[in-house]
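Make a model of the complete structure from these sequences and hints.
What follows is each chain in one-letter form.
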Amino acid sequence: MMQESNRSEFAQKLGVVISGSLTRGIEVKLDSSTSVEDMAVGRYVIIYGQKRRFFGMLTDVTLEVADERINATPSDASDPFLSAVLSGTATYGTIHVLPMLTINVAGDEQGYQPVKTVPSHFSPVTVASQRDVEMVFGKEDDKRFYIGTPLDMETKICLDLQEFVKRSNGIFGKSGTGKTFLTRLLLIGMLQKSAAVNLVFDMHNEYGWEGRSEDKGYKVKALKQLFPEKVAVFTLDEESSRRRKVSTDAVVKLGYDEIQPDDIALLRQTLNLTEAAVQASYQLARHFGSKRWLEAVLGMENDEATRELLVKLNIHEATFSNLRRGLEQIRRLGFLEPSTQQNPVDRILGYLKSGVSVVLEFGRYADLTAYMLVANMLSRRIYNQYREMTEKALGEESAQPRQLVITIEEAHKFLNTEVANQTIFGTIAREMRKYNVTLLIIDQRPSSIDEEVMSQLGTRITCLLDNERDVDAVLAGVSGKSELRSVLARLEPKQQVLIFGHAVPMPVVVRTREYGSEESLRSLVDSTQDVTKPVDEVIRELWG
Amino acid sequence: MLENQKTGEVIEASTSGYLAQCYELYQSPALGSLVKTRGDDNLDILGVVSNTATLGIEPGRRPIARGKDVVSEEEIYRESPQLYKLLKSEFDVMVIGYSVDGRIYQNLPPKPARIHGFVYLCTQEEVRVFSQCLDFLSLLLNASVEIPVEELVIATLREMARSYGSERRSFLIEAGKELAVLLSKDYVRLKTILRGLKYDAGE
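Chains as they are written, first to last, in numbering that gives the first Met the number 0: chain L, 0 to 543; chain G, 0 to 202.
Careful: at least some of the hints might be erroneous.
As the list claims (entries may be wrong) - Pairs of lysine to aspartate or glutamate residues, derived as DMTMM-like cross-links and limited to a Cα-Cα distance of at most 25 Å, are as follows:
| no. | chain 1 | residue 1 | chain 2 | residue 2 |
| --- | --- | --- | --- | --- |
| 1 | G | Lys176 | L | Asp66 |
| 2 | G | Lys176 | L | Glu133 |
| 3 | G | Lys176 | L | Glu237 |
| 4 | L | Lys391 | L | Glu327 |
| 5 | G | Lys197 | G | Asp134 |
| 6 | G | Lys184 | L | Asp78 |
Said to hold, decoys possible - Derived Cβ-Cβ restraints for the label pairs, each shown as a range:
| no. | chain 1 | residue 1 | chain 2 | residue 2 | range |
| --- | --- | --- | --- | --- | --- |
| 7 | L | Pro79 | G | Glu78 | 44 to 54 Å |
| 8 | G | Tyr104 | L | Phe121 | 38 to 48 Å |
| 9 | L | Thr72 | G | Tyr104 | 34 to 44 Å |
| 10 | G | Glu124 | L | Glu513 | 39 to 49 Å |
| 11 | G | Glu124 | L | Thr72 | 51 to 61 Å |
| 12 | L | Ser32 | G | Arg37 | 33 to 43 Å |
| 13 | L | Ser478 | G | Gly201 | 47 to 57 Å |
| 14 | G | Pro62 | L | Phe121 | 38 to 48 Å |
| 15 | G | Pro80 | L | Ser32 | 38 to 48 Å |
| 16 | L | Ala39 | G | Thr14 | 47 to 57 Å |
| 17 | G | Ala52 | L | Ala39 | 52 to 62 Å |
| 18 | L | Ser119 | G | Val128 | 30 to 40 Å |
Unchecked claim - Partial pick of chain G residues on the chain L-facing surface, computed with a CB cut under 8 Å:
| no. | residue |
| --- | --- |
| 19 | Leu82 |
| 20 | Leu86 |
| 21 | Ile172 |
| 22 | Gly175 |
| 23 | Lys176 |
| 24 | Ser183 |
| 25 | Lys184 |
| 26 | Tyr186 |
| 27 | Val187 |
| 28 | Gly195 |
| 29 | Lys197 |
| 30 | Ala200 |
These are calculated hints, taken from the structure and not from any lab test.
Glycine residues also receive a C-beta, built at the ideal position from the N, C-alpha and C atoms.
In structure tokens:
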């Protein structure tokens, strides 16, 4: 009886369950009053089983005929009476529903569990109501961040960001599908809703200060402008930052002594080095000491002493010149100096410890060599310090260091099968939360990322992907993969994302909330809890 | 409520149907009309007219042609009024349900109609109430009657639709859908019936 009364609250019955299985999903025959054209993959439906309600996602729509002979004389359908009679009976639509969760209806307890069975035959199916969706995805609160709305609905879909930051996560999508906007949104969310601090390696200078909306051409405010107290912008390229009128907090210069042979190994492909040359760098580092080796190698003359040393270290001359050429390329990077007094790692850590997120702009050094070198170098040292701090905290039972999320772009360059073991990011992705450091990786070629790393990602957020291999890589290990594949391939190229994994109870297609207009920014800033200035004042400053 | 019109009398009966004779020559109800007769135990047996016939009262004696010297057909009957007594109109009724104490069952009744039971035409109201449920269609489709079953279905639905007035079309669509389910594996039969009802379902 209770089921009956519940059902009547949500009108729009779509049809009834006719077959299915837990692994393949449920087939639902549409009622004749339901038009197949109103169905859209990615929508949510509720199946009213006899004992429980099932929450599922529509993943396919099919046209069926009861008797094949109808197809032989299709012109009959032009008769309005005939087509009215036949629709829903002899010719009908079915939808394929992937059940995701079961919802408790009995008693006062409201909640959901992963689905472990299927609804019985002829269970009625309706479109999920706002209330159902809200119950599953939660309301915006101090740990959930409103990321967008489901298709054809105004309900807010919220990500549990406190859970989100505990594991490494990935944002994927073809170029131009809105990864950057999404990342900005998530970073803002993390600033607001989680205790985590962010370290963003900002290859294209998009996250710290204002970026440009690609299709509309207007400027979009970024983190530092929205949360001046919570974000510091570091730059590798002071000139570029000044030209763009970015208020930077520090200019980062790196000394030669910071560069380790491991960093060179990572850059093997970008610097076009041979395997032997990489090995040679390790030998040279052992010979000269890890602090001095780069300067020493760059200072080596083409003379007898050099040749003797090479013979002694058993390094072939061609190998050495290959290495040398690569290192020269590094030397040309303007932010590297033979020796520098400043210790960028300590500075960054200082900010991070006090709860201020750091965005590192690369300015004109937007090439992969610089990006990989710096990101890897800094992350490695920060990670080491974090590990020390965490271990110390364990020993002394003091407070653990603040959760740190490192954002990297072009992640497949760091995390491909070949180098994932050498870079610090591979380690962070695998060892995850033990030391309170996790990754937010942004990439357009997820198929190039090491499988092991992909499998460790907690939450995957993906914009449109159409390459088969990329889709496979993103969906690897997810139940209902083939169904999600059809959903993923049909995302709109802008503003629509598929989210699945740890931070959401079930895979969900989201139209991301607006980001960029004054109103949307106001709503973002509004919900922060500890803005010291009144909101209006912040807005006025932002918009002049 | 309108009085039921008495239209004939049962002269042969079985569980699945009965034969009734009209009180007046040629006054048989239309093919497909819903009629009822009182059975045993206070039940009303409901059926549809599945065939009608007019023939001589003596089996084996056929009427002969009489109109050679007259102008109109009416004249024949005027000149030989005995014809009204020598000929009879009969109609077959196929039983499609019964009612007891106002509850309608669309199945065969436990006992057949009684000989000399009066046969009444159902009122429009009764037709509407009966056709709220369309289970009788499966009985109709499986009938063994002298006319093609499809024709009987068409005639029945057409007669029933008349009692629906402006809702005629939606009744026919609903009945059509029921038929589409019953005939899901026989599209040709389904189409024959639907085509037959096409004009009745016109706007």
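Hint-by-hint comparison with the structure:
1. G:Lys176 with L:Asp66: holds (14 Å)
2. G:Lys176 with L:Glu133: violated (38 Å)
3. G:Lys176 with L:Glu237: violated (75 Å)
4. L:Lys391 with L:Glu327: Violated, at roughly 40 Å.
5. G:Lys197 with G:Asp134: Given pair Lys197 of chain G, Asp134 of chain G holds - Cα atoms ~22 Å apart, limit 25 Å.
6. G:Lys184 with L:Asp78: Roughly 21 Å separates the two Cα atoms, so the pair holds.
7. L:Pro79 with G:Glu78: 44 to 54 Å: Holds, at about 52 Å.
8. G:Tyr104 with L:Phe121: 38 to 48 Å: With a Cβ separation near 24 Å, Tyr104 of chain G and Phe121 of chain L fall outside 38 to 48 Å, so the hint is violated.
9. L:Thr72 with G:Tyr104: 34 to 44 Å: Holds - the Cβ-Cβ distance for Thr72 of chain L and Tyr104 of chain G, about 38 Å, lies within 34 to 44 Å.
10. G:Glu124 with L:Glu513: 39 to 49 Å: With a Cβ separation near 60 Å, Glu124 of chain G and Glu513 of chain L fall outside 39 to 49 Å, so the hint is violated.
11. G:Glu124 with L:Thr72: 51 to 61 Å: Roughly 39 Å apart at Cβ, these two residues miss the hinted range, so it is violated.
12. L:Ser32 with G:Arg37: 33 to 43 Å: holds (41 Å)
13. L:Ser478 with G:Gly201: 47 to 57 Å: Once the Cβ atoms are compared, 52 Å apart, the range 47 to 57 Å for Gly201 of chain G and Ser478 of chain L holds.
14. G:Pro62 with L:Phe121: 38 to 48 Å: violated (59 Å)
15. G:Pro80 with L:Ser32: 38 to 48 Å: For Ser32 of chain L against Pro80 of chain G, whose Cβ atoms are near 60 Å apart, the range 38 to 48 Å is violated.
16. L:Ala39 with G:Thr14: 47 to 57 Å: Holds - the Cβ-Cβ distance for Ala39 of chain L and Thr14 of chain G, about 54 Å, lies within 47 to 57 Å.
17. G:Ala52 with L:Ala39: 52 to 62 Å: holds (59 Å)
18. L:Ser119 with G:Val128: 30 to 40 Å: Distance hint for Ser119 of chain L, Val128 of chain G holds at roughly 33 Å.
19. Leu82: violated (44 Å)
20. Leu86: violated (40 Å)
21. Ile172: holds (5 Å)
22. Gly175: Holds: closest Cβ of chain L sits about 3 Å from Gly175 of chain G, inside 8 Å.
23. Lys176: Status holds, d = 5 Å.
24. Ser183: This hint holds: Ser183 of chain G lies near chain L, its Cβ roughly 4 Å from the closest one there, short of 8 Å.
25. Lys184: Nearest chain L Cβ about 6 Å off; hint holds.
26. Tyr186: Constraint on Tyr186 of chain G satisfied, holds at 4 Å.
27. Val187: holds (7 Å)
28. Gly195: Violated. Min distance 11 Å.
29. Lys197: Since the shortest Cβ distance to chain L is 5 Å, the answer is holds.
30. Ala200: Holds - the Cβ of Ala200 of chain G comes within 8 Å of chain L, reaching about 4 Å at its closest.
In summary, the structure is inconsistent with hints 2, 3, 4, 8, 10, 11, 14, 15, 19, 20 and 28 from the numbered list given earlier, while agreeing with the others.
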